[in-house]
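A.B. asks: With the hints as constraints, model all of the structure from the sequences given.
Just so you know, the sequences run in chain order R and H.
Whatever position you read off the first sequence (first residue = 1), add 252 for my numbering.
Whatever position you read off the second sequence (first residue = 1), add 4 for my numbering.
FYI, nobody ran anything at the bench for these hints, they're computed from the structure.
Each residue gets a CB set at the ideal place from its N, CA and C atoms; glycine is no exception.
It cannot be assumed that every hint is accurate.
[Stated by the list, open to error] Label-pair distances were calculated between CB atoms; the ranges are:
#, chain 1, residue 1, chain 2, residue 2, range
1, R, Asp339, H, Trp369, 32 to 42 Å
2, H, Ser162, R, Arg402, 56 to 66 Å
3, H, Asp268, R, Arg523, 20 to 30 Å
[Claimed, not checked] Covered stretches of chain H (chain R as the covering partner; in silico rule of three or more C-beta atoms under 8 Å from a C-beta of chain R):
#, region
4, 231-242
5, 384-398
[Unchecked claim] Here are some chain H residues pointing at chain R (derived, C-beta under 10 Å):
#, residue
6, Thr54
7, Glu130
8, Leu191
9, Glu215
10, Pro220
11, Ala277
12, Ser281
13, Phe285
14, Ser331
15, Asn335
16, Ala368
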Amino acid sequence: MATATSVPGMLIDADTTFIVQGITGREAVNLTRECLDYGSKIVGGVTPGRRGREVHGVPVYDSVAQVTAEHRVDGAVVTVPPTFCKDAVLEAVYAGVKLVVVVTERIPRGDVVQMIEAADAEGARIIGPNCLGIIRPGVAKMGGIGGPARDAAKAYAPGSVGVMSRSGGMTTEISSTLTAAGLGVSTAVSIGGDAIIGSSYAELMPLFEADEQTEAIVVYSEPGGRMEAELARWVSDHSSRLPIIAFMAGRFMDEMPGMSFGHAGTIVEGRADTAAEKIVRLEEAGIRVAQEIAEIPDLVRERLGTAPGAAS
Amino acid sequence: MRLFEYESRQVLAREGVPLSEHGFARSEQEAREIAERIGRPVVVKSQVLTGGRMKAGGVKFADTPEEAAAHARAILQLEIGGHMPRGVLVDSRAPIAQEYYAGVIYDGVRKRPTFVFSDMGGIDIEEVAETHPERIGRGHFSMLLPFMDFRAKDVLASIGVTGRDLNRLTPILSRLARLFVKYDMTLAEINPLAKLEDGSFVAVDAHMDMENEARPRQRALLEDLGVGEDETREAREPTRFEIEGERVDSVDHRGVAGNVTEFDGNLGLVIGAGGGSLTLFDAVRRHGGHPANYCEIGGNPSVSKAANLTKLVLSKPGVEKIAVMMSIVSNTRVDIVARGVIKACLELGHDPAEKIAIFRIPGAWEEEGFKILERYGVEYADRSVSMHEAARRAVEKVSGDGAGPTPSPAEDPGAGAPPTEDPPERLAGSGERIEG
Chain R
253 MATATSVPGM
263 LIDADTTFIV
273 QGITGREAVN
283 LTRECLDYGS
293 KIVGGVTPGR
303 RGREVHGVPV
313 YDSVAQVTAE
323 HRVDGAVVTV
333 PPTFCKDAVL
343 EAVYAGVKLV
353 VVVTERIPRG
363 DVVQMIEAAD
373 AEGARIIGPN
383 CLGIIRPGVA
393 KMGGIGGPAR
403 DAAKAYAPGS
413 VGVMSRSGGM
423 TTEISSTLTA
433 AGLGVSTAVS
443 IGGDAIIGSS
453 YAELMPLFEA
463 DEQTEAIVVY
473 SEPGGRMEAE
483 LARWVSDHSS
493 RLPIIAFMAG
503 RFMDEMPGMS
513 FGHAGTIVEG
523 RADTAAEKIV
533 RLEEAGIRVA
543 QEIAEIPDLV
553 RERLGTAPGA
563 AS
Chain H
5 MRLFEYESRQ
15 VLAREGVPLS
25 EHGFARSEQE
35 AREIAERIGR
45 PVVVKSQVLT
55 GGRMKAGGVK
65 FADTPEEAAA
75 HARAILQLEI
85 GGHMPRGVLV
95 DSRAPIAQEY
105 YAGVIYDGVR
115 KRPTFVFSDM
125 GGIDIEEVAE
135 THPERIGRGH
145 FSMLLPFMDF
155 RAKDVLASIG
165 VTGRDLNRLT
175 PILSRLARLF
185 VKYDMTLAEI
195 NPLAKLEDGS
205 FVAVDAHMDM
215 ENEARPRQRA
225 LLEDLGVGED
235 ETREAREPTR
245 FEIEGERVDS
255 VDHRGVAGNV
265 TEFDGNLGLV
275 IGAGGGSLTL
285 FDAVRRHGGH
295 PANYCEIGGN
305 PSVSKAANLT
315 KLVLSKPGVE
325 KIAVMMSIVS
335 NTRVDIVARG
345 VIKACLELGH
355 DPAEKIAIFR
365 IPGAWEEEGF
375 KILERYGVEY
385 ADRSVSMHEA
395 ARRAVEKVSG
405 DGAGPTPSPA
415 EDPGAGAPPT
425 EDPPERLAGS
435 GERIEG
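C.D. replies: Written out as structure tokens, the structure reads:
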């Protein structure tokens, strides 16, 4: 029987149930396998017209409402093509799903804004679009983040550092570095590479702040947009207990205004969008900006006041 | 995708925003005819996709059709910021009482579209925002609900617009908001929006950017505007190398070889994916290297796509070696990329061990990949070697004075070794070899 859904403090936990929209697509089939192997609870998949099929033992439905009629659905991973993505997200949000991870890339901004506006009105949270999802190492993952369960286990050991990244691949690179250094990861969120995303660094900070497992934060950032400035402002306005280390990629783009590399959101449209300006903003707020990924573990330890080499 | 001014004006016209009398000309003769039709002093404006037209001499005033024709002739041949003009816009010069700025953009922090309106038009709005913030009105509006005109009125009234002006400007600003939504714009701007001496308002210049991702569903509008599907409208024209890069990507649907961009260095880069490429390009430069190109491979490319991209990079004049590097992959297969880059070297008659400065791609199928690389004596690294360290090693190999085309065995015992048959067992665990 369906019961009320809720989003746990740190987005997902061992009991989180979710669905995969577009589950019969090639990528979604892999993602479903990976998440099941990692221990996540997938209660259904949705592909219109494919009701009655199964994907790795997960039953396929025609609509989100059909799943929510039978199961508690805490979250949804949306992998449908860009043209149908807005409707899929709205369907989940209006069916009462409170956490929607949008994997799809190349969704027009107007559609993204509509999804977010609907989610805001219904008290739901969107992660992405253009993201790989969320992982709580050793507990569950929601999305393709970290890849197959065996690979995810290799890169993500449970630990004390929260990771937020505009790049899905770099979420894993940074987490692997933290894992190798013995610090490990509390929760890692691939927040998405688009200009407008459902949850920014600043919007996720209160969740990490309230999460007892998290002792420090690492963010991966890029040129384009005002998300880093927003984070810097959040840090200045709140007395956060969490030290933050940032890494800024794409510094070369400062010399190439008007061009976009890496992700759709990276275009430098004004002075405030440049890597150099963002680094200044972050550092003014007391956020240390690493020059190289490999420095991050030591910077984290330095800020935590633990000696280098001491595993947490 | 940026629209030309003359295209932006067409969009305004079809949505009922009043415009100054104007015409688009591709020749001196057409410019003369438009000026004659207008029958008053005109301004001739270069139609290029770049700012700073005025400073560059791309905007000129003419009192007669003959003068307009002469200006058109000059401007049509004038390159501005690396762009040749598409044509010229011949615009009437009506007496202006006041200039306003009207724009609609996305606010990425609030995640809603917002108006930006000012009674200080005709200049850079960022400058107004810094010097006279009180002269700018802003206001967000919903994209789920139908647009309501009072949202525009509120913005106007917030900076003191009242009387007849308020009632004349409200529909103009409302139409700008509606077309922004309807046509998937990321910027819709009228600057200046001019109040003429008779009290009427007309758009005198317009700038619009349409979202690239929305091009398929805006095909009808783009066809009407005459925008070709192959027009990239990037900040600079693609080079031959970049066009070839796009071809490499498009002929094979498996995986992505995206954003191939030319630079003039000596180290070719076969790097991926989005964030990894940004990080690695910076890393190469941080260690004093000179990248010959940028690219983003990922999404599990085929052997042939990886090979074709590598061949393109290796064939670029001035490229001494290539570095094949990515952040940890989960979808892309290490062994497939390894096969691709080695295939490219061999088919071009190069020794992979000599041409590939370093291969650093950890992740899916890495053991299989590393075996192949080992067989060809290519220096490789797993995740225990950081992205920056891999970039440093690659840079060291190309910038060594007089290093020449032969590898230096003293520096790297593995690199010059002939291909061997047997894949070494010690790789099975993690492959902690390769400390250069």
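A.B. asks: In ascending order, which of the hints set out earlier in this document are inconsistent with the structure?
C.D. replies: none
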